[in-house]
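Turn these sequences into a full structure, and let the hints steer you where they fit.
Residue numbers (the working numbering), protein chains in the order written: chain C, 1 to 126; chain D, 1 to 126.
If you're looking for bench data, these hints aren't it; they were derived computationally from the structure. Take the hints with a grain of salt, since some may be wrong.
If chains are identical, the list can't say which one is meant, so a pair holds when it fits in one copy or spans any two.
Derived DSS-like pairs (lysine-lysine); straight-line CA-CA distance at most 25 Å [to be verified]:
#1 2 to 25
#2 2 to 97
#3 25 to 44
#4 44 to 32
#5 44 to 2
#6 32 to 2
#7 2 to 91
#8 91 to 25
#9 32 to 91
The primary structure of each chain is shown beneath.
Protein chains: 2
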Amino acid sequence: MKSLGKHLLAEYYRCDENAINDVQKVENALVKAAEIAGATVIGKSFHRFEPYGVSGVVVISESHLTIHTWPEYGFAAVDVFTCGDHVDPMKAHEYLKEVFGTQNATVETILRGVLNIPDLRHKPGG
Amino acid sequence: MKSLGKHLLAEYYRCDENAINDVQKVENALVKAAEIAGATVIGKSFHRFEPYGVSGVVVISESHLTIHTWPEYGFAAVDVFTCGDHVDPMKAHEYLKEVFGTQNATVETILRGVLNIPDLRHKPGG
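Printed below as a string of structure tokens:
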């Protein structure tokens, strides 16, 4: 089935609490994950909450990565939404899962923009 | 079932092509949608692609909203991820659907962070 985008919804359980509470570490990890997936980073926004938790997004030419962490539960919710054929969102997920010391993870892939259009393309001429 | 977050994945078909191709209009709409949902905006990042298309994210205290548009197909993919009980992601979706002149929409709600923890709370003491 042809779609405009692939959206991975990942849940990370029993993560390293310090890793997912460190806003700089989380930002670096998401940017690196985007690069590992073959994506081009064009924007980002990360925030640290008190007393704990991090939220952040990386906008890529091919859509986005987001993360929300609950260090108190060792939990993080990660999304990797990519468009086009030259990026592999699963690579971003595999890297992030490792870097956060995740002991259990689930991942679900949802196709976005499944349009009934012959020769569906992510980018004009692309 | 108690969860840390509620994640709406919405697909907008047959949108107003000009509305979803105007980066300022799209940014204003997402910020307003966040406010209508009862959320607090803490960051944003929006980008216009050539020859068309917009990608953007709004980080809120309660997680995020994202959008990716394909004006050439009249299509937009919208995510509204919220945590806590005082925000209503469906209100954001209803507003966005209207403002983009969407003629067909689908929306799916996925619970994020369903943890087997008694008295699960989004924020400590919250």
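Status of each hint after checking the structure:
When the C-alpha separation of residue 2 and residue 25 is checked against a cutoff of 25 Å, the pair qualifies neither within a copy, at 35 Å, nor between copies, at 29 Å. In this homomeric assembly, residue 2 and residue 97 come within 25 Å of each other (Cα to Cα) only across copies, at 24 Å, whereas the closest approach inside a single copy is 28 Å. Proximity of residue 25 to residue 44 under the C-alpha cut-off of 25 Å is found in both arrangements, the shortest distances being 14 Å within a copy and 20 Å between copies. Taking the shortest alpha-carbon separations for residue 44 and residue 32, both the intra-copy value of 12 Å and the inter-copy value of 20 Å come in at or below 25 Å.
When the C-alpha separation of residue 44 and residue 2 is checked against a cutoff of 25 Å, the pair qualifies neither within a copy, at 29 Å, nor between copies, at 30 Å. Taking the shortest alpha-carbon separations for residue 32 and residue 2, neither the intra-copy value of 28 Å nor the inter-copy value of 32 Å comes in at or below 25 Å. Taking the shortest Cα distances, residue 2 and residue 91 sit within 25 Å of each other inside one copy (20 Å), while across copies they are farther apart (30 Å). Taking the shortest Cα distances, residue 91 and residue 25 sit within 25 Å of each other inside one copy (18 Å), while across copies they are farther apart (34 Å).
In this homomeric assembly, residue 32 and residue 91 come within 25 Å of each other (Cα to Cα) only inside a single copy, at 11 Å, whereas the closest approach across copies is 34 Å.
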